[in-house]
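Enquirer: Below are the chains, spelled out letter by letter.
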Amino acid sequence: MIDWIMKLSISKKLAISAFVLGLLALFIGNPSNRNIIDVNTKEMALSTIKKQDRIDALILADWLIKENLDFTLVDLRTEKEFNEYTIPASVNIPIENILSSDLMRNQKILLFGNDDVTSAQAWFILKSSKYKSVLILKGGMEAWKNEILYPKLDTSATLEQKAAFEKTKQVSLHFGGTPQMISGGTATSISVQTTPTAPAPKLSATPSKAGGAKKKKEGC
Amino acid sequence: MMPYFKFDYFGVDFGLVIAFIIGIGFGFALERGGFGNARILAAQFYFYNMRVLKVMFTAIVTAMLGLFYFSWLGWLDLSLVYVGNTYILPQVLGGFILGMGFVIGGYCPGTSVVSASTGRIDGMVYLLGIFFGIFVFGEMFPLLEGFYLSTDMGKVTLPEFFGLSYGMIVFLVVVMALAAFAAAEWGEKVLAKKNGRGIE
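One line per chain: the protein sequences are R and A, in this order.
For the first sequence, my numbering assigns the number 1 to the initial residue and increments by one for each residue that follows.
For the second sequence, my numbering assigns the number 1001 to the initial residue and increments by one for each residue that follows.
One or more hints might be untrue.
Label pairs and their computed distance ranges (CB to CB) [as the list claims (entries may be wrong)]:
#1 PHE1010(A) with LEU69(R): 19 to 27 Å
#2 LYS12(R) with MET1056(A): 14 to 22 Å
#3 LYS12(R) with VAL1081(A): 29 to 37 Å
#4 GLY29(R) with LYS1006(A): 23 to 31 Å
#5 ASP115(R) with GLY1066(A): 43 to 51 Å
#6 LYS130(R) with ILE1060(A): 44 to 52 Å
#7 VAL117(R) with VAL1175(A): 43 to 51 Å
With a Cα cut of at most 20 Å, we get these calculated EDC-like pairs of lysine to aspartate or glutamate [stated by the list, open to error]:
#8 LYS13(R) with GLU1185(A)
#9 LYS127(R) with ASP1077(A)
#10 LYS80(R) with ASP53(R)
#11 LYS1006(A) with ASP115(R)
#12 LYS132(R) with GLU1185(A)
#13 LYS1155(A) with ASP102(R)
#14 LYS130(R) with ASP53(R)
Calculated directly from the structure, the hints in this document are not laboratory data.
Ideal Cβ positions, reconstructed from N, Cα and C, are used throughout, including at glycine.
Please model the complete structure; the sequences and the hints are all you need to start from.
Expert: This is the structure we're talking about:
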């Protein structure tokens, strides 16, 4: 047998090894499932979402106003919700597609869903797939709506609170929101709009298509 | 874990250096395979020298087995290897045009660069033709864009398309390649005699 193999020409030897490897592949089937990740459970349990990984809506608003965009803002909600309203500069990647997206492992990624639960799930998926810098928006879309689009101030607030609210008001108006004053349960809009009770914000967000902005062209 | 670039082992700059080195190696392999010679390349289409088929199938089988086993050993994340979209009609037409150019000119884009860099004048002329073609295509792109992006099938791979396992596809391609090698060896002898030409 060995003699017979030794006598073959190089190309025949290569052909036989290719055939053997091909035959083995038949029994291996699928080499790896892209949806199954090996997770070091201990490491993951220790690396819970840190305080500095949770970004306040006001801080995000500040970054957006200053165009301090060294991160990719990812909207994890459904496409329908994304098209209705989203935070400016965000891309839509529904959570089930998060691993097949164009996100790079060296990117800073800021996640938000409707609340903290979705973004925490996505945070776990990305972290266990070796994404380095993953942040989440504290409170998600709910927090963005409450703190940025419709911030409320009680009429009985102290002077200090009122002064702080002035800044919030400006931020809110920048994003087309409607700051409100509350007195005993009835909200009064103090926006610059002519109809004082209109709660609908002017949504200035222009949703960008998922992955459109930073997509890399590859190929031969 | 591979691919190294996607896992951020190095940045774009160093990636370009690596691409340059791999490119040199690719050109060297093509030249050593005899692909810098238009006669050998064109002979493929008249079936009296099957070198192109042999080299191409060898490259495909080697790369395929490498990717499959690297991925099986956990060295490579196959899902991060770039797969382009399939636009079936424009790509069939594009392949047809490229094939016509291949038969007429005797080169494909990569081999023409190899040929030009070894000093062959036909290779240099071919290269000029490529740049002219790219220029014309670029200028006409607004007119062609609709067709260019039509019949999009998304990212299709053979295992998904046929609903077979990766291993089955690997096995079938290997068998196909071995059969093609055997047929090519046999065909060369028969056709060389018939055409009265030796195997170059």
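Enquirer: Against this structure, judge whether each hint is valid.
Expert: Evaluation of the provided hints:
1. Separated by about 24 Å at the C-beta atoms, PHE1010(A) and LEU69(R) satisfy the suggested range of 19 to 27 Å.
2. In this structure the supplied range 14 to 22 Å holds for LYS12(R) paired with MET1056(A), their Cβ-Cβ distance being about 19 Å.
3. For the pair LYS12(R) and VAL1081(A), the beta carbons lie near 31 Å from each other, so the given range of 29 to 37 Å is met.
4. The beta-carbon spacing between GLY29(R) and LYS1006(A), approximately 24 Å, falls within the hinted interval of 23 to 31 Å.
5. Remark: the range hint 43 to 51 Å for ASP115(R) to GLY1066(A) is upheld by a beta-carbon distance near 45 Å.
6. For LYS130(R) and ILE1060(A), the hinted distance range of 44 to 52 Å is not satisfied, since their beta carbons lie about 30 Å from each other.
7. Checking the proposed 43 to 51 Å range against VAL117(R) and VAL1175(A) shows it holds: the Cβ atoms sit about 50 Å from each other.
8. For a cut-off of 20 Å, the pair hint linking LYS13(R) to GLU1185(A) stands: about 16 Å separates their Cα positions.
9. Of the supplied pair hints, the one linking LYS127(R) and ASP1077(A) holds, its CA atoms being roughly 16 Å apart against a limit of 20 Å.
10. With a CA separation close to 27 Å, the supplied pair LYS80(R) and ASP53(R) exceeds the 20 Å bound.
11. Between LYS1006(A) and ASP115(R) the alpha-carbon distance is near 30 Å, which puts this suggested pair outside the 20 Å criterion.
12. For the suggested pair LYS132(R) and GLU1185(A), the alpha carbons sit about 53 Å apart, so the restraint of at most 20 Å is broken.
13. The hinted pair formed by LYS1155(A) and ASP102(R) meets the criterion: a straight-line CA distance of about 13 Å does not exceed 20 Å.
14. At roughly 16 Å between alpha-carbon atoms, LYS130(R) and ASP53(R) fall within 20 Å of each other, so this suggested pair holds.
Against the hints set out earlier in the document, violations occur for numbers 6, 10, 11, 12.
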